[in-house]
Amino acid sequence: DAKTTQPNSMESNEEEPVHLPCNHSTISGTDYIHWYRQLPSQGPEYVIHGLTSNVNNRMASLAIAEDRKSSTLILHRATLRDAAVYYCILRPNTGNQFYFGTGTSLTVIP
Amino acid sequence: DAGITQSPRHKVTETGTPVTLRCHQTENHRYMYWYRQDPGHGLRLIHYSYGVKDTDKGEVSDGYSVSRSKTEDFLLTLESATSSQTSVYFCAIRGGLAVPGSYEQYFGPGTRLTVT
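Listed in order, the protein sequences are those of chains A and B. All the letters of the first sequence, read from the start, carry residue numbers 1 to 110 under my numbering. All the letters of the second sequence, read from the start, carry residue numbers 1001 to 1116 under my numbering.
Just so you know, the hints here were simulated from the structure itself, not pulled from any lab data. Some clues are possibly wrong.
To be verified - Below, a list of computed lysine-lysine pairs in the DSS-like style, where the Cα atoms sit at most 30 Å apart: (1) B:K1070 <-> B:K1011; (2) A:K3 <-> A:K69; (3) B:K1053 <-> B:K1011; (4) B:K1057 <-> A:K3; (5) B:K1057 <-> B:K1011; (6) A:K69 <-> B:K1057.
Next comes chain A alone, as it looks inside the complex (with noise of 0.2 Å):
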């Protein structure tokens, strides 16, 4: 199964956009690239997922590379609810199984 690579940790100072990086250099044709985040004593929670094409929803936008090797989870305006362990995920179009990996720590600082 193809891994993904994130730096461990992150700040960013609060109403400032935040760019997660996240590389996925072993990436298939049909691999699906989600992103997670999981708040302190929580669950983790769907934040966003593409394929080829950049999206947008409510909470972020997620920037795929042309060649898809990476991915970039983009935050407008941190706010101290964001901080947060992110976890950037590929999941097989055939696939049940998502493969959390250890995520990046953002601290956002007021």
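Please arrange chain B on chain A, whose structure you already have, making use of the hints.
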């Protein structure tokens, strides 16, 4: 809120004793999952189920068994608990209807298990 509950929420048990964790859902989802979360490892899949009596192994299934006799309940059993199974256990269901193709997973609140 996807109607997922886990019981117990906290448990302390001794090495060698059997332990069963329960995941209950109220929305008739077909797919259910058990994960464990440990520092430095993120979440790792233990077992999952794709229907009543249909289960499959995940990446860390050794020492665990599961059962699903009803759609709403997915049980995780540690036949003989060991200290290495001290962890936080999360149950999840697969939705995906709200965002087409997302296979979105909704997680329960977790069970903190300590094996002494």
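A quick look at each hint next to the structure:
1. For the proposed pair K1070 of chain B and K1011 of chain B, the alpha carbon gap of about 24 Å is at most 30 Å, so the pair holds.
2. Using a Cα cut-off of 30 Å, the hinted pair K3 of chain A and K69 of chain A holds, with the two alpha carbons roughly 11 Å apart.
3. For the suggested pair K1053 of chain B and K1011 of chain B, the alpha carbons sit about 26 Å apart, so the restraint of at most 30 Å is met.
4. For the hint pairing K1057 of chain B with K3 of chain A, the CA-to-CA distance comes to about 19 Å; that is within 30 Å, so the pair holds.
5. Between K1057 of chain B and K1011 of chain B the CA atoms are separated by roughly 24 Å; this keeps the pair inside 30 Å, and the hint holds.
6. With a CA separation close to 28 Å, the supplied pair K69 of chain A and K1057 of chain B stays within the 30 Å bound.
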